[in-house]
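Participant: Working from the sequences, and respecting the hints, build out all of it.
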Amino acid sequence: MENMPYIQTEIPDNENVLNNKLNAKVKYVEDVTTALNEHDDRRVYELINSKKYNELIRGVEHADDNRSLASLVTDLQPDLSHHLADKLIQYLAEAFPFFYYQESALGVFEVYFGNWWDRAYFGRLDPINVQFKFKQEEYQKLVESVRLAAKGQRYHSAAIDELTKTNEELQQLVEKQGERNTQRQNLENQLAQLDEKGGFFNRPSTEERDNLKTQLSALDEEDEQAETVPDQIEKNNATILAYSKEDTILIYEQRAINEKFGSFDQFEAAAKSLYVDYVKQLAAVAEGGQADA
Amino acid sequence: MPNQLQNRVENYVGLLNQNIHAIQDELNQTQQLVESSEPGTVHLMAEQLMQAHLETQWVQVPRQYSHADYFLIAMDRFMQLDGVTGYSVLLPVEKETVTLVMTNLNVPAAFAFEENKDQNGGAYFVELSTGERLFYWSLERKQIQFNARGIIDLLVGNFAKQHVTVEQNQIIATMLTEFGRYMERVFNYSVDFNLLETRDDDVYQLIQHAEPQGMLDKLFVLSADTDYFLQSIPNGAGVMLDDNTEVRIFFVNDANALGAQRWHFQVIDGRDQYSWLDILLKYDFIANWYLSETDTLEVSYDQLVFAVQTTQPTDIQSIFTAEQGTTPMLDEEVLAAKRAAEAQAKEAAEKAEREAQAATEKAEKEAQAAEAKAEAEAQSESETPEAAVDDATVDPTEVTSETDDTETAVDSSESTSADATSATSTSGKTFEEEIGEALNSSNNTSEG
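Taken in sequence, the protein lines are chains A and B. In terms of UniProt numbering, the first sequence opens at residue 1 and continues consecutively. In terms of UniProt numbering, the second sequence opens at residue 1 and continues consecutively.
These are computed hints drawn from the structure, not numbers from a lab.
Heads up, incomplete: computed chain A residues facing chain B, CB under 7 Å, no partners named:
1. 116
2. 244
3. 248
Part of the chain B face toward chain A, derived, beta carbon under 10 Å:
4. 214
5. 217
6. 230
Residues of chain A placed beyond 10 Å of chain B at every Cβ, according to the derived structure:
7. 85
8. 104
9. 259
From a predicted model like this one, the values you see are computed outputs, not experimental measurements. By construction, the Cβ of each residue, glycine as well, lies at the ideal position given by its N, Cα and C atoms.
Facilitator: Structure, rendered in structure tokens:
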């Protein structure tokens, strides 16, 4: 047991591997840089998500992802998004002519539907993934209004009808004030008569008196309600106006979609396949450009 | 030394002459007003006629054009000189009154001036059946002010709802605009066109009665049923209409305005062609919106001049049914009075005839009874009444042929004769007093 040498831990040399990996990274960054400099957005899309690109554009099944390389530019996403939005929005102006965009922060694009009065904020555009991220609330409203339109109804038809009916009832409450006044006079007269002969027929008159008083307090309630009618009607009218406006906006949205796509389904399909359609179009343009050169 | 009678007659002639000259002057002015083709002369004559008051005491002109009529005559002259068409002027034969009507309008409407009686002078151009005042005109200050509210109420709120077409309404609008432009161009008038202004760069001033509540939302909802849609513009909304015409509704920040927002309309067509009124006439959804928002805001007009918006409406049917013509005729009242006088004369003549006849018969009987007595004397007595009968029957026979046809003539003759009798009796009572007064006054004159 002497001089038993300790086994040296041998660390294999990975310099090559490391070099290769670093080179790959450098090459990746260089490739991205070149693509950006040459305004080759197709290449940028290929570089930032090769799995998606290969599967959707090249039709490769189960392509490998390049997430580790892509993570090199993750912190550049706002800048990349801004850069890529330029050509994408040009394309969208034709493909989805009714959408308008506002860059609220670097690379963050808000989508507005239409150029009409008080158009809806409809979600966001994600230029890096080439997709719309519609605001669910607005999108569901549109889906619902499309469904109702098939039945000849508007999104808020029912609510507006209901409010209109309420307003009519409220109006009647006001118009019947005269009737109530007459009724009140009658009841009060009857009550006075009961008081006069109250001493003789106490029991029955108490019942009758209670009955009259109940009727009178019912009138009080209606009178009180009638006083608030103008405010209520005004409030309801404001709501009706807000609903009508929203219905109008939804009608415009449907009209715009139908004019461009023929149907809502086709619009949905087009929104879903935006990445493929757009990037393929970029590829086609690039090939066309090379052919020209 | 001229005697008193001479003086008296000379003074009388002088008074009449004075009146006749005043009348002659006004007639000359009136003639130039309608005959001159020189705009300046027409304007000057109209101005002078506005100052004239033919309240002559000695020579009276029972039928005269009023100041208001002269305004319309002048307006017609200017529009004639400018070549404005589409209207005509009603000319009743029985009175000196002029009314303007549109030649192609399917609702009853008649326009005339109403003189402004306060110290500001001028006149309002009024649609008579509604009383709407459309503009104010001062010849003296060379000023025309249109009334946005009156014009919109009449053309958009009233006529358009009665199925007057856009074209018919536009003829009225054009007439008003052209008249204003002519006066501005030729006489350098200051004209407040407000809602008639067609310049693209004109921003319509508005009167703000209340802070708008969902005003543009309402217009947006109304536009949904049309082919036009409302778009956002900075501080407001715009809508693109036909013929490259754009309407903008927007505010500018102004601390002095209600809600710190001063609202404006603008109509831009690239050719200075359309006014706000044109937009209201042509686009029902904008008109309905505007009419529903006038409690909030409306196109501005001079609120002092149009503090009173309307004149008392009048029934205009009689204006249309009155007999029209270029030759003046005496009206029914005057003619009836004339007929009554003639009937009275006839009656008097008939009475005289009857009395004369009775006298003759009586005379004849007496003559027969007293045939033997005093033949020469009886003959001379019976001759006199016969002569009277002959004289009296000359006039009545002429009158009869004119008047013995209608019952009304008889009725009025009765009432007139009754009046005449009472008049005679009253003057009979005071006759001596009157003479006394006349003598006293002449005495005073000679003493003084």
